[in-house]
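Colleague: Protein sequences appear in the order of chains A and B.
Numbering-wise (my numbering), the first sequence opens with residue 1 and increments by one.
Numbering-wise (my numbering), the second sequence opens with residue 1 and increments by one.
Hints are not guaranteed to be accurate.
[Stated by the list, open to error] Below, computed lysine to aspartate or glutamate pairings styled on DMTMM-like, alpha-carbon distance capped at 25 Å: (1) B:K107 - B:E190; (2) A:K216 - B:E118; (3) B:K267 - A:E63; (4) A:K217 - B:E118.
[Unchecked claim] From the structure, some residues in chain A lie toward chain B, with a derived Cβ separation under 10 Å: (5) A122; (6) F132; (7) T135; (8) T160; (9) V165; (10) V197.
Since the hints were derived computationally from the structure, they do not count as laboratory data.
Here the structure is a predicted model, which means the values were calculated and not measured.
Each residue gets a CB set at the ideal place from its N, CA and C atoms; glycine is no exception.
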Amino acid sequence: MDVISNAIDALVDITPLYMEGFLLTLALLGISGLGAFVLGIIIATMRISPVPALRLCATIYTEILRNIPLLLVLFFCAYVLPILGVNSDFFLLAVLGLTLYTSPFVAEAVRSGFNGVPVGQAEAARSIGMGFTQTVGLIILPQAGRMVVPPLINVFIALTKNTSVAGIFFVNELFKATYAAARDNGDVVVLTLVYAVALYLAITVPLGLIAGAIEKKVMVLR
Amino acid sequence: MSMAVLYDAPGPKTRRNSTIASVISAVAILAGLAWVFFTLAAPRVNANGAEQPGMFDQSRLDILSDPEVWGAFGGGVVDTLRMAGAAAILAIIVGILFSFGRTAASKWIRVPTSILLELFRGMPLLLLILFVFLLFSTGSYWAGVLGLAVYNGAIIGEALRAGIVSLPKGQREGGLSVGLTSLQTRFLIEFPQAFRQMLPIILAQLVVLLKDTSLAYVVGYPELARTIKNLQNFYGSRYLFTLFAVGFVIYLVMNLTLSYIARYAAKRSGPKLGKITPETPKIPGAEGTRAITMPRGGRSYSDTGRAPE
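I would like the entire structure built from these sequences, with the hints used as guidance.
Modeller: What follows is the structure, given as structure tokens:
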């Protein structure tokens, strides 16, 4: 009995810490998710634009960010940017890093949605005399939009997991909280970790279910 | 979808406009890069009024002629590759086990495997590595290897399962009807086809694995990112930018090389050779990682997800 009551005490003790961390994780997810979404759409637009210079630039940007680890991006934001004279809160720096890192993946998801619309759709629209704006606005976008949602949600699931890396760089989000709790509660390490995993799953599992449901709906339509 | 169909063929005026737009954006981009370069190179004055040399100043670059620094970087690369190699082999083994568990005939194996898989895919890898490190006291190397193996194994397992499920039913029936046991059919008939079909996704996942070795930073494993930090602590923050730039280039070269090899291998022995199924199956939940995983240009939605219409 003693063991159990000890464990419950420990869990109650760390709950405020975890909740603070959880909220910060959600904030990181929300803000950098939004930022990455906007930036990703800009990158995707650049990649399909008729201007070669913009295409090349977007491609290089995507290549670089997809081939270095997130840890290095955040390392840059947390340690190198301050040296270069950017004085900012670590939270904002982490948001910046996560936004930059996630944006190419958003761009790829958006682009793949466009690619998923069969060429025949555009050809049909063109052949009945629709212009560029009409073809894109009335035919392609409505179909691509639907198809983009599931992969986009999966990018956000990955982002949720990636926010944990910000914990290494002085942001008190859920992973940092777990680290501290595990250090201070040596006897109930398992519980502290399982507690944290449950909180992460509380974000990722519902997102995954939503993605699955939407995917099913889209499949019926096709 | 080729975008060409969206426009009319450009006339002389459009072509000229396009050239002008191209030149203007090129100039703007180059100006931006030049600005970044000169900002980095310019000496800066810090809060105490002391002047510090620019980022490309000799006093910041002189460690590059120090062989010990390069030795440390070499050690970091070797340690990173050592971890990635071991983790890759284990991840494929774990993936195979997961895929068999997920397609097992018995509900008692299938359901627990699914739950376990969801668990591993839904939690951050960083937490998983910490979990292994604290619970099993494995030391930092094995904590990283096991964490990476289980996490990526779950993703590879799901890919393999999708490959097995997508095979035509006749393959299994054919195997059973010539007298192979259920297990033999799985090993000799279904699995090789699924593996070949999913090879591009598996290889791409291994590129992700190489990137993710950097997360072993958190348990103090001396991989490349940790090496940068250690060198900074040793030589002083003055060199941080230089050290970071070197590490950045090393990571980029390593990952781009591996991506290239993966793409080449995928082209050589990808779905084309093993193609029996009408279309490459979709893996639920894998798109998020696939965007991450697919080596660039890889396969877009149109050639993974949907049959051409």
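Colleague: A separate judgement is required for each hint: does it hold in the structure or not?
Modeller: Going down the list of hints, with the structure as the test:
Using a Cα cut-off of 25 Å, the hinted pair K107 (chain B) and E190 (chain B) holds, with the two alpha carbons roughly 20 Å apart. As the CA atoms of K216 (chain A) and E118 (chain B) are separated by approximately 19 Å, the hinted pair is consistent with the 25 Å bound. Annotation: proposed proximity of K267 (chain B) to E63 (chain A) holds, straight-line Cα distance about 20 Å (limit 25 Å). Between the alpha carbons of K217 (chain A) and E118 (chain B) the distance comes to roughly 22 Å, so the proposed pair stays at or under 25 Å and holds.
Because the closest C-beta pair between A122 (chain A) and chain B is about 5 Å apart, less than 10 Å, the hint holds. The criterion of a C-beta within 10 Å of any C-beta in chain B is met by F132 (chain A), whose closest approach is roughly 6 Å, and the hint holds. Because the closest C-beta pair between T135 (chain A) and chain B is about 6 Å apart, less than 10 Å, the hint holds. Because the smallest distance between the Cβ of T160 (chain A) and any Cβ of chain B comes to about 8 Å, under 10 Å, the interface hint for this residue holds.
For V165 (chain A), the interface hint holds, since its Cβ comes within 10 Å of a Cβ in chain B; the closest pair sits about 6 Å apart. Among the interface hints, the one on V197 (chain A) holds; its C-beta lies about 5 Å from the nearest C-beta in chain B, closer than the 10 Å criterion.
Consistency note: the structure conflicts with none of the earlier hints.
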